[in-house]
Structure formats: C-alpha cells, structure tokens
Amino acid sequence: MSKRWLLTHGTELALFSALASLPLFISNTYALGLLTLLAIYGVCLIGLDVTVGYLGQVNLAQSALLGIGAYAASLSVTHLGFGFFAALACGFGVGLIFGVILALPALRLDGPQFALATLSFTAIATTTLNEMEWLTQGAQGLHVTRPDLWIGEFTAAGFYWVCLLLLALVWLAMRNMLQSQWGRAFEALRDSPIATDAMGVGTYRHKVAGFAVGSALGGLAGGLYAFNFQYLQPHSFGFELMIILLLGVVLGGRKNLWGAFVGAALIVLLPNLLSNPILFRSFAVIGLSIALFAGWQKQRRQQLFTFQTQAPIMAMLLLAGGALFIDNTEDWRKAIFALMLFAVVVGLPEGLMGFATRRLSQIFRLDTSTLPAAWPVAEVLVLQTSALDDLLEIQQLKHYFGGVRAVDDVSLRVVPGQIHGLIGPNGSGKSTLVNLITGLYSPTSGTIHFQGQPLPVGSLYKVSHTGIARTFQNLQLFTELSALENVMVALRDQYRIPLPLLLLGMGKQQETNARAKALTLLALVGIDAQAQQLAKDLPYGAQRLLEIARALARQPRLLILDEPAAGLAHPDVIRLVEIIRRIQQRGITIILIEHHMDVVSELCDIVTVLDGGKIIATGTPDEIKRDPDVVKAYLGEPC
Amino acid sequence: MDATIIAQIVVSGALIGLIYALVAYGFQLTYATSKSINFGQGELVMVAALFSLSLLNWGLPYWLMIPLGMLFGVVLGLFVERAAVRLALEQNSEGWILMTIILGLFFFSSAENIWGRDDHPFPSPFVSDSIALFGIDITRQEIALAVGVFAIMGLIEVLMRKTLLGKAFTAVSADRDAAQLMGISARRTIMLSYGLSGAVCAFAGMLVAPITTVGPTMASALILKAFSVAVVAGLDSGFGIVLIGMLLGAVENLASFYIGSGWREVPGLVLLILALALRPAGIFGKTVIRKV
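These protein sequence lines are chains A and B, in that order.
Numbered per this note's numbering, the first sequence spans residues 1 to 639.
Numbered per this note's numbering, the second sequence spans residues 1 to 292.
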C-alpha cells in the first residue's frame with residue numbers, strides 16, 4: 001500500500017471512529033445535537049460541492065432543495081405512512097427530481113445566468129412552501145413526527161449514529177464517483193464545454209447528472225434535518241441559509257470532502273460563536289491573525305502589497321473592530337458572514353482544507369502518485385485499414401454567417417490513410433469547414449458523408465462518436481486537470497462500469513488501465529515526463545502536443561489537426577512532423593490545417609487550397625506551389 | 001369583472017414596472033463594459049434610498065437630496081466595482097458573482113442595524129390627489145416616476161451617443177482588448193459604468209420609495225424583478241427592458257390580485273426561468289456565435 005493511500009484512508013477512518021465513539025463519552029444532549037447537525041450539514045455540503053466545486057457554478061438552490069427534501073420526507077410520513085428510511089429515500093428522490101427539473105433548463109447556462117436561475121428557483125420554492133398552506137401549514141410551520149425504527153424507539157445517540165452512518169456512506173460513494181471519469185468530466189466541462197463535447201463526453205448529460213446528484217444529497221440532508229428538528233418553517237430555507245451553506249463550502253475548501261466536513265462544522269458552531277461575546281472576539285482575533293499571516297506570506301512571495309492582499313486583512317480588521325465595539329452580534333450576523341466570506345474568497349480561495357491538504361502533501365511528500373507502466377502503442381491505437389475509396393466526402397457544403405459566405409460550395413474527398421492538407425490565407429474558411437465537419441456549426445446547405453454514412457449535423461458530441469477527433473487552433477485544454485487526466489477524459493470505450501457499481505468502489509482496475517493507456521499516448525507525443533502537471537502549467541509547445549494526445553484517445557479514424565504548429569519554435573516543429581508521421585503509420589487518416597508550407601510539403605499527400613470560402617486548387621504539394629491561383633491568393637496580382 | 005378595475009391594476013403595475021426596468025438598465029450599463037452585473041444591486045437601491053431619507057430628515061430640501069442621494073449611489077457603485085468586481089476579474093474568475101452577493105449581504109446587514117428593520121414612509125414632493133384619465137386614477141408621484149425614468153435613461157443614452165466618453169464606453173463594450181490598444185482605459189470605463197449604474201439605482205430608489213415605502217426588505221423584492229426584466233429582455237437589449245418591465249409589473253399586479261398577494265413574485269420568476277431555458281440571450285438580445 002502506498003503512503004498516500006494509508007494517510008488519506010487512515011485519517012478518514014480515524015475521523016469517523018472518533019465521531020462514532022463520541023456519544024459513549026458525552027451524555028450532554030446539546031453537544032450530541034450539534035454533532036448530529038454536523039453530520040446532516042456534511043451530507044448537504046458534499047452535495048453542494050459537486051456544483052460549486054467541480055462544476056464551478058454558483059449554485060443558489062441548495063437551501064431550497066434541503067427544504068423541499070425536508071418537507072417531502074415529513075409529508076410522506078404523515079400522509080403516506082412511510083417509515084424512517086422510506087421517508088429519507090423520499091427526500092432523496094424528490095431532491096433528485098427537482099434537481100433534474102431545474103437542471104434541464106438551467107444547465108445550458110453558465111455563470112451569472114446559472115446563478116440567476118437557481119436564485120429564482122429558491123425564491124419560487126420558498127414562496128410555494130409558504131403559500132400551499134393546505135399541505136405545508138404555511139408560515140405557521142409544520143410539526144414532524146419522527147418514525148421509529150423496527151428495532152425500537154430512537155435515542156438521541158441512535159439518531160446521531162444513523163446520520164453519521166449516512167454521512168460515511170455518502171462520503172465513500174462520492175469519493176468513488178469524483179475520483180472516477182465522472183469527476184474528471186465535471187471538471188473538464190467547467191474548463192471547456194466545447195472540448196468536452198468534442199471529446200465525446202456529453203457536456204449536458206454530465207452537467208445534469210452532477211447537479212442532480214448534488215440536489216439529491218440536499219434532499220437527503222433535508223429528510224434528516226426534518227427528523228432532527230421535528231418542526232419546519234418555509235422561511236428558514238431561504239436566502240440566509242443559502243449564504244451559510246455557500247460560506248461552509250467556500251471556507252472549508254472546494255473540491256474537497258474534508259472541506260465539506262470542516263465547512264459543516266463551522267456552520268454548526270457559528271450560532272454559538274456569535275452568541276458568546278468572548279468566543280466571538282477570540283474568533284475574530286484568530287481570523288485576523290490568519291489573514292495577516294496569509295497576507296505576509298503572499299507579500300513575501302510577490303514583493304508587492306496589492307489590494308488583493310490588503311482586502312482580506314481590511315475585512316478581518318473590520319470584523320475584529322466590530323467585535324470589540326458591538327455587543328449585539330446576533331443582529332449583525334449577516335454582516336459577519338459577509339466579512340468572513342469576503343476574506344476567504346479573496347485571501348484563501350482554496351479554502352481551509354484546500355490549503356491544509358496542499359501543505360500536508362508537501363510535508364509528507366505526497367506530490368507524485370505512482371503511475372502504471374505504459375502499454376505498447378499497438379494496443380492503445382489499433383492499426384486501422386479501410387477498404388473504402390473515400391473516408392470523408394463533402395458535397396456542395398455552404399455556411400453563411402448572415403451575408404458572409406464563410407464556406408461557399410465546397411466539395412472535397414478525403415482518401416483513407418492519407419494526410420490531407422487544407423491551406424489558405426487567413427479568413428479563407430478553413431476553421432469554419434472544420435467546425436462544420438465536427439458538428440460545432442450546422443451547414444446552411446450541403447452534405448457530409450463519413451465512411452459512407454451521413455454525419456450527424458450540429459452536434460460535436462454525436463460526431464465525435466462516429467470516429468472523428470480534432471484539436472483546436474485556440475487551445476481548449478482542461479486547464480485545471482493534469483496532462484494525464486486530460487487524456488483520460490477523452491479515452492474511448494474505456495469506461496464500461498455503470499455508475500452504481502462505481503459508487504461501490506468497483507472501478508479500480510478500469511482506472512489503472514485508463515491511466516496506463518493515457519500514459520502511452522502521452523509518450524507517443526513525447527510529453528509523458530510531464531504527465532502529472534496541470535495542463536495550464538505546461539509550456540506552450542507541450543500544450544499543443546497534449547491536444548493531439550487527447551484527440552488520439554478517441555481512437556479516431558479521422559484526425560483533424562487545426563494548425564498544430566502555430567506558434568511553435570523550429571525544433572518543436574520538427575518533433576511535430578515526426579509525431580504526425582507516427583500517427584499516420586497507425587492507419588489514421590489526417591486532415592492537416594497549417595500555415596507552415598514546409599510542414600505541409602513534407603507531410604501531405606494531397607492539398608486543398610481555400611480562398612474566400614471556395615476551393616481554388618487541389619493537388620500534390622508541388623503542384624499547389626506552382627498553381628498561379630494559389631500564388632495570387634497568397635501574394636496578390638503581379639504589378 | 002369591471003374593465004376599469006383591470007385597467008387600473010394593469011396601469012399601476014406597469015408604472016411600478018418602469019422602476020424594474022430602470023434597475024435592469026443599471027445591469028445593462030455594467031454588463032456592457034465588464035460582462036458582469038451586481039447581484040447586490042437591490043441592496044444598493046435600498047441603502048441609497050434610506051440614505052436619502054436620512055438627508056431629508058436632517059432638514060435638507062428635496063431638490064438638494066436628489067443629487068446628493070445619487071452621488072451616494074455613485075460612491076456605492078464604485079465601491080462595489082473596486083471591492084468585488086475588479087478583485088474577482090483580477091483573479092480571472094467568475095468569482096464576481098459570489099463577491100457581489102457578499103457585498104450585498106454586508107449592505108443589507110448594515111442597513112438593518114443603522115436604519116432598523118421596519119419600513120419607513122418616504123415623503124413625496126407632490127400633493128397626494130390623483131388625476132383621472134379614462135377612469136383610471138394616476139397619482140402625481142406616479143407621473144413623476146414615469147417622467148423621471150425616461151428622463152434619466154434618455155439623458156444617459158444622449159451622453160453615450162454624443163460625447164467622446166460615450167464613444168469610449170461603446171468601444172469597450174464592443175471589444176475590450178481592442179479598445180485598450182486604442183488607448184482607452186478599460187478600467188476607467190468599467191468604473192464609469194459602475195458609477196453610473198449606482199446613480200441610476202439611487203434615483204430609482206428615490207422615485208419608487210414614496211409609493212412603496214422604504215426598508216431593508218425592499219432590496220430582495222426589487223432585485224429578483226430587475227433580474228427578470230434584464231434577462232427576459234436580454235442584457236444587451238437597450239430599450240427592450242422598458243417594454244418588458246411594464247409588462248412584468250402589470251402581470252405581477254394581476255397575479256397578486258387574482259391568485260393572492262403571496263404569489264406576487266412568482267410570474268416574474270417563472271418568466272425568468274423560461275426565458276433562460278428558451279432564449280438565454282433574451283427576447284431583444286443578440287445571440288453570439290461560438291468560435292474556437
């Protein structure tokens with residue numbers, strides 16, 4: 001067992017056994033109540049972290065989903081006579097359903113629009129819970145009876161253990177999910193939705209799934225919440241709870257299960273902190289010292305005292321100052337939340353646990369996890385042969401942007417096994433043509449046939465599943481994933497284990513194979529030494545090569561390279577030519593868009609020249625270079 | 001149902017809707033330059049209105065309160081720009097959504113503690129009798145509201161079209177990088193847009209407060225409706241917001257009358273979600289072509 005495995009699993013085991021044994025020593029019901037809440041909020045925040053952390057969206061609906069789950073669980077007990085676990089399942093299911101309903105329209109959106117959609121969902125949900133008095137008792141509140149288990153009546157400790165057990169299960173299941181291809185897909189679509197679709201990983205499907213899982217956990221936590229307080233009021237699930245939940249995730253640390261746990265602990269302790277002046281003052285002083293320390297560290301690194309460094313310190317100064325002069329901290333609690341959130345978002349964007357995990361893995365030297373041995377290339381890229389005359393056949397393809405004829409009546413055949421060059425001056429329609437083939441745009445008219453079948457129109461995702469892969473002229477890497485993970489996201493026919501089994505942790509072997517395959521492809525393009533670096537930290541040349549490795553993970557029949565040599569230094573261009581040759585030897589047909597004529601002359605079997613959206617010449621590189629129309633398009637008329 | 005009553009409900013709703021349109025106009029101003037909006041805009045309106053009320057209570061005359069209140073709005077807008085939006089954009093992230101929510105929360109809590117949680121009446125400079133037009137009663141304050149909304153939007157549009165500053169503004173909206181290469185400071189232009197947006201919001205608060213009263217809760221009620229208007233019309237739709245604003249105001253007044261006042265907010269929110277689902281660019285907005 002590796003040191004990393006022992007440390008992560010050991011600490012988790014220690015945490016949960018400590019939490020489980022606490023009721024044996026503590027008989028104080030108040031403390032036990034806090035621990036129960038900790039487990040409940042833990043479940044809720046792990047769910048929220050899927051959207052806020054992995055999908056990278058500001059999700060303002062989790063408090064409403066918690067409320068909906070709470071009401072659903074309670075009403076299923078009173079009206080349908082459900083038992084304890086059935087009621088929890090009901091909360092979970094209702095959260096899931098509402099998650100999907102909300103996700104379908106909202107997830108086509110990004111950034112502010114997504115935040116708005118979820119914000120209005122919360123407003124609608126609390127209004128509806130408040131106004132449907134015949135069902136929910138409206139503003140006067142709903143009393144909930146907690147059904148007992150078949151083994152007997154719930155004790156306070158018993159209920160706590162149930163909550164803790166659920167937290168542990170959710171923790172394990174979510175860790176399995178988020179460390180699998182699902183978690184990678186979530187992060188990939190956050191960084192580049194277009195590339196995610198182009199790599200055959202359905203953006204929409206994964207976004208809906210991620211949001212639905214997060215919402216279902218919100219609903220489950222809601223059920224526990226209802227049985228814990230046994231009294232519900234609609235307005236307690238509104239804006240304030242939402243802010244508190246966000247505070248928990250952000251302060252604890254995004255993309256981190258421990259972060260969700262620490263965030264939950266903070267949420268539980270906040271009311272106590274605020275009601276006791278001495279505690280609150282010491283808390284404010286601690287916050288100020290952290291801010292000062294972090295600011296000092298940053299200043300030492302950057303040699304610059306920017307506003308970004310000052311702002312968290314100012315916020316914490318304001319908090320500490322306020323703590324000294326203000327007695328009614330309860331009345332100011334929203335401002336206190338605001339100041340804390342502000343300081344964390346600006347000063348410690350990775351959150352407490354994000355910071356701690358990074359530090360700890362430095363101390364214990366956990367930065368490199370071991371990689372499996374690479375496979376032979378022949379096993380990852382199976383040699384392809386084709387009996388067809390034409391792999392790709394484009395007929396009379398047109399695409400107009402308003403009055404601009406970007407592609408105007410283009411007909412083209414690509415022969416299997418060849419490297420087909422596509423050149424032309426800037427704005428001649430090369431990239432538009434590629435975007436039409438790969439499904440980013442729908443053609444105004446014309447047809448495209450691939451392997452004798454018409455290509456799906458206007459869907460990157462569907463086209464990628466026919467066996468066409470592409471790279472992007474403007475890099476579309478998954479910047480926050482490592483080079484290895486970038487390739488792993490795109491692997492074709494690799495992930496066959498269904499989600500339920502993955503949640504149970506059955507994906508280990510599949511995962512190891514995926515890593516080995518991805519490493520093979522990185523080695524093929526010569527960047528396997530940088531496999532564990534984040535894509536954004538790679539040098540530019542390596543990023544271009546990573547795009548190619550990622551496209552190869554699709555095991556394409558047709559690979560479209562959109563200006564792979566753009567911006568590369570001369571030695572890198574030579575390496576690139578060598579790599580493209582090796583790819584061709586695997587029987588992969590290539591369309592190469594390029595401005596470097598030496599690259600085109602060296603590699604291409606046939607070249608098509610575009611100008612003004614029309615084909616002006618086709619032929620071998622030598623013929624093209626002598627063609628008077630081509631010379632005119634590049635250099636203009638002789639004087 | 002008597003037709004005049006329905007007409008009355010529609011007209012007074014539509015007039016309030018002009019205020020939603022004005023706050024939404026504030027969103028458009030900042031969205032144009034920085035592609036960001038202030039999620040705490042409602043709190044900004046509320047705080048500026050409460051501040052103006054305090055000015056009146058200190059004995060300032062009405063005509064002096066208006067510019068001072070708007071100046072306060074400018075200060076708040078600039079504060080939001082510096083402490084939330086620019087900080088987040090420097091980190092090159094979508095963090096501005098969270099940051100503006102946070103500042104809004106801070107404003108809200110401060111207002112609660114400084115001015116109290118109750119709603120306060122806001123004096124109107126006009127006598128309270130109403131004018132009957134085709135059997136529909138319209139108060140002088142409502143007329144002033146309509147005039148004020150159109151006046152300030154018209155004024156800003158003229159500034160945008162006739163002055164060099166306005167040209168810079170348009171340039172930054174069209175292409176921030178290109179504008180910067182031409183020597184226009186994008187930073188100052190974004191600051192200007194937030195300042196203007198703050199002034200517009202403060203003015204909106206002063207126009208609506210005599211009709212609705214003013215208190216901390218006004219923030220959340222206003223912001224959701226302004227969001228709805230801005231998104232349904234489109235964040236770059238220009239005067240489309242006026243139409244949508246009036247429509248939304250009328251619809252929610254009808255909903256409140258027929259279904260119950262608790263449901264008042266729901267039509268706008270449903271419209272918002274529908275618009276986001278069906279036409280994210282808005283009814284009058286322009287759809288952008290994806291480029292790679």
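I should point out that these hints are in silico values taken from the structure, not numbers from a laboratory.
A portion of the hints provided could be inaccurate.
Unchecked claim - Dumping the calculated DSS-like pairs for lysine-lysine here, alpha-carbon to alpha-carbon at most 25 Å:
| hint | chain 1 | residue 1 | chain 2 | residue 2 |
| --- | --- | --- | --- | --- |
| 1 | B | Lys-286 | B | Lys-162 |
| 2 | A | Lys-536 | B | Lys-286 |
| 3 | A | Lys-3 | A | Lys-614 |
| 4 | B | Lys-162 | B | Lys-35 |
| 5 | A | Lys-398 | B | Lys-286 |
| 6 | A | Lys-398 | A | Lys-536 |
What the hints assert, rightly or not - Not everything, but these chain A residues come out facing chain B in the computed CB check (under 10 Å):
| hint | residue |
| --- | --- |
| 7 | Pro-112 |
| 8 | Ser-236 |
| 9 | Glu-240 |
| 10 | Thr-385 |
| 11 | Ala-387 |
Claimed, not checked - Distance ranges between label pairs, derived from CB positions:
| hint | chain 1 | residue 1 | chain 2 | residue 2 | range |
| --- | --- | --- | --- | --- | --- |
| 12 | B | Leu-159 | A | His-449 | 41 to 47 Å |
| 13 | B | Asn-113 | A | Arg-301 | 56 to 62 Å |
| 14 | A | Leu-13 | B | Asp-119 | 51 to 57 Å |
| 15 | B | Ser-130 | A | Pro-277 | 39 to 45 Å |
| 16 | B | Asp-119 | A | Leu-273 | 27 to 33 Å |
| 17 | A | Ser-386 | B | Lys-167 | 54 to 60 Å |
| 18 | A | Leu-279 | B | Asn-113 | 16 to 22 Å |
Glycine included, each C-beta is placed from N, C-alpha and C at the ideal position.
Outcome of the hint check:
1. A threshold of 25 Å between alpha carbons decides the hint, and for B/Lys-286 with B/Lys-162 the separation of about 24 Å falls inside it, so the pair holds.
2. Between A/Lys-536 and B/Lys-286 the alpha-carbon distance is near 32 Å, which puts this suggested pair outside the 25 Å criterion.
3. In summary, the hint linking A/Lys-3 to A/Lys-614 is not supported, as the alpha carbons are separated by about 61 Å, beyond the 25 Å threshold.
4. Of the pairs offered as hints, the one joining B/Lys-162 and B/Lys-35 holds, with about 23 Å between alpha carbons and a cut-off of 25 Å not exceeded.
5. For the proposed pair A/Lys-398 and B/Lys-286, the alpha carbon gap of about 23 Å is at most 25 Å, so the pair holds.
6. With a C-alpha separation of about 36 Å, the suggested pair A/Lys-398 and A/Lys-536 falls outside the 25 Å cut-off, and the hint is violated.
7. Interface hint at A/Pro-112: satisfied, since its Cβ lies 6 Å from the closest Cβ of chain B, which is below the 10 Å cut-off.
8. The restraint placing A/Ser-236 at the interface with chain B is violated, with a minimum CB-CB distance near 16 Å, outside the 10 Å limit.
9. Proximity of A/Glu-240 to chain B holds as hinted, the smallest CB-CB distance being about 9 Å (cut-off 10 Å).
10. Violation of the interface hint for A/Thr-385 is found here, the shortest Cβ-Cβ separation to chain B being roughly 32 Å, above the 10 Å cut-off.
11. Annotation: interface hint on A/Ala-387 violated; nearest CB of chain B at approximately 33 Å, more than 10 Å.
12. B/Leu-159 and A/His-449 have their C-beta atoms about 56 Å apart, which leaves the hinted 41 to 47 Å range violated.
13. Checking the proposed 56 to 62 Å range against B/Asn-113 and A/Arg-301 shows it is violated: the Cβ atoms sit about 38 Å from each other.
14. A C-beta distance of roughly 55 Å is found between A/Leu-13 and B/Asp-119, which places it inside the suggested range of 51 to 57 Å.
15. At about 52 Å, the CB distance of B/Ser-130 to A/Pro-277 disagrees with the hint of 39 to 45 Å.
16. With their beta carbons about 31 Å apart, B/Asp-119 and A/Leu-273 fall inside the hinted range of 27 to 33 Å.
17. Taken as a hint, the range 54 to 60 Å holds for the pair A/Ser-386 and B/Lys-167, whose Cβ atoms sit roughly 58 Å apart.
18. In this structure the supplied range 16 to 22 Å holds for A/Leu-279 paired with B/Asn-113, their Cβ-Cβ distance being about 21 Å.
When held up to the earlier numbered hints, the structure conflicts with 2, 3, 6, 8, 10, 11, 12, 13, 15 and fits the remainder.
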